[in-house]
Amino acid sequence: MTSIMDIEFDSHGQLVGENSGKLASKSGDLVRTHTPITFKDWRKAKELGLKEPFRKYKGKLRKKYFDTCDTNEVRLNNVPDGIRREDWADFVAYEATATTMNIWETNAKNRQELDVYHTSGRHGSARVAHMMNKNRKASAKPVTRVDVWSETHTCKDGSTLKIVAPIMGQVKRLNSAQTEEDSQDILQDPLTKVLGPDKGGRTRGVGSTVSRTQVLALIPAQEKLAELEKERNVKDQTIKVLKSDVEYLKSTVADIKAMHNIFIDMYGFFHSIVMDPERNGESQDNRSNVDQPHIQKKRKASRGTTVMLEMTKNWDGKVITVEYDKKGRPTPRAVRRKIAGYEGALARVMVPLNAFSDWRKLKDFWGGQLEKDLWATMQEKPFYHDKMLYCRPLAFIIATSDEADLGQTGHSLVITLS
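Counted from 1, the sequence shown has number 305 at position 313 by the working numbering; the numbering is strictly sequential.
There's no promise every hint is true.
[As the list claims (entries may be wrong)] In silico lysine-lysine, DSS-like type, Cα no more than 27 Å apart, as pairs:
#1 K232 - K133
#2 K249 - K222
#3 K148 - K14
#4 K129 - K52
#5 K216 - K126
#6 K222 - K232
#7 K101 - K126
#8 K227 - K249
#9 K129 - K55
#10 K133 - K52
#11 K55 - K133
#12 K126 - K56
#13 K164 - K133
#14 K133 - K216
#15 K56 - K14
#16 K227 - K216
#17 K48 - K164
#18 K191 - K154
#19 K50 - K101
#20 K126 - K55
#21 K185 - K154
#22 K56 - K129
[Unchecked claim] Beta-carbon label-pair distances, calculated as ranges:
#23 D149 - G5: 51 to 57 Å
#24 T244 - M(-3): 41 to 47 Å
#25 C61 - L179: 44 to 50 Å
#26 L179 - A85: 28 to 34 Å
#27 C61 - K216: 31 to 37 Å
#28 P212 - P189: 56 to 62 Å
#29 D73 - K164: 55 to 61 Å
#30 K242 - K164: 48 to 54 Å
Calculated directly from the structure, the hints in this document are not laboratory data. Glycine included, every Cβ here is placed at the ideal spot set by N, Cα and C.
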């Protein structure tokens, strides 16, 4: 099955990103399969973009199959798997020449004199720089080649090789004393001052295939890119905040809709004083005569309660009279308990948890103001709308903000006695 991978390159054309290691391994496989080992000029492999894999591959062949043999006759018979015998014969003949042997001896001597070793394994400077830039915060300083060099010469446990420790100390001391502008100048940064100018077509902390001239030529463009990247990060953060606000608003609207649906479902609590005037085919004239509340003179009820208001309702042919005392409380107790239960349900649904810091305020509002509003409502003249008889809205309030004064501001939820 064919799979497609996203490949990233840095500003110098070097392979970076999560899939860089996989591509490097695949390139090595291609080199071993399709590139003849008889190539004697590195530039041929370089033109194909396979110089490094080709160089490493030939080095492994030389170390494992050439250097382990004492004579060319033995070497010719020590053919590696996957290599044609005639190609191996050409390889042995070239490697056995005096010129090639002198080149390898010089390279080995230079390697022994190398005193600064990196500890990044397969992760070169380019890949390490990419990871550091990816993990740094938007407000942090840009990653410099000094930072990358320090990272690639530090072990996983945070220690430094003994041979590198003195150099690392000098680099860090100079780096802490430099300004941010000077740290971006590879001609004056701590690596140049401690280790000298970069040579050989490679730049410390940047890459083994990137020359100093290439780095200097790209500095203006990189500064512009860094500025654009900073602006993009600010915009991304703003968009993230706006998305969060939108989600909060959506959640708030959903909660309001849910509460509205709950109230609709709870209208049944008032079924004893709710009716559709046309439910039983009554006319408008009958409605006005039967379903109008009226204030009576003070009289004593059976248990000594002074009745101030009566409302007569016709529900499915059954006449129900609801009485209210001078405090606006419905009587008898059965009706009062039903309405009290409804008020409790309203309190649990409608009162925000952060609306009151003191339960007494809730008690004052729910137990006092509600009864007053209920009493005032029942004395208002009812009105018809959409074939239903409505009283004035009770003072049930949904607070819409932290500054909202519950009971005075907000959206009134109309709870009607129809």
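To see whether the hints hold, each was checked on the structure:
no.: 1; hint: K232 - K133; verdict: holds (22 Å)
no.: 2; hint: K249 - K222; verdict: violated (41 Å)
no.: 3; hint: K148 - K14; verdict: holds (22 Å)
no.: 4; hint: K129 - K52; verdict: violated (41 Å)
no.: 5; hint: K216 - K126; verdict: holds (18 Å)
no.: 6; hint: K222 - K232; verdict: holds (15 Å)
no.: 7; hint: K101 - K126; verdict: violated (38 Å)
no.: 8; hint: K227 - K249; verdict: violated (33 Å)
no.: 9; hint: K129 - K55; verdict: violated (45 Å)
no.: 10; hint: K133 - K52; verdict: violated (41 Å)
no.: 11; hint: K55 - K133; verdict: violated (44 Å)
no.: 12; hint: K126 - K56; verdict: violated (39 Å)
no.: 13; hint: K164 - K133; verdict: holds (16 Å)
no.: 14; hint: K133 - K216; verdict: holds (15 Å)
no.: 15; hint: K56 - K14; verdict: holds (25 Å)
no.: 16; hint: K227 - K216; verdict: holds (17 Å)
no.: 17; hint: K48 - K164; verdict: violated (33 Å)
no.: 18; hint: K191 - K154; verdict: holds (25 Å)
no.: 19; hint: K50 - K101; verdict: holds (19 Å)
no.: 20; hint: K126 - K55; verdict: violated (38 Å)
no.: 21; hint: K185 - K154; verdict: holds (20 Å)
no.: 22; hint: K56 - K129; verdict: violated (46 Å)
no.: 23; hint: D149 - G5: 51 to 57 Å; verdict: violated (33 Å)
no.: 24; hint: T244 - M(-3): 41 to 47 Å; verdict: holds (43 Å)
no.: 25; hint: C61 - L179: 44 to 50 Å; verdict: holds (48 Å)
no.: 26; hint: L179 - A85: 28 to 34 Å; verdict: violated (46 Å)
no.: 27; hint: C61 - K216: 31 to 37 Å; verdict: violated (56 Å)
no.: 28; hint: P212 - P189: 56 to 62 Å; verdict: violated (21 Å)
no.: 29; hint: D73 - K164: 55 to 61 Å; verdict: violated (48 Å)
no.: 30; hint: K242 - K164: 48 to 54 Å; verdict: holds (50 Å)
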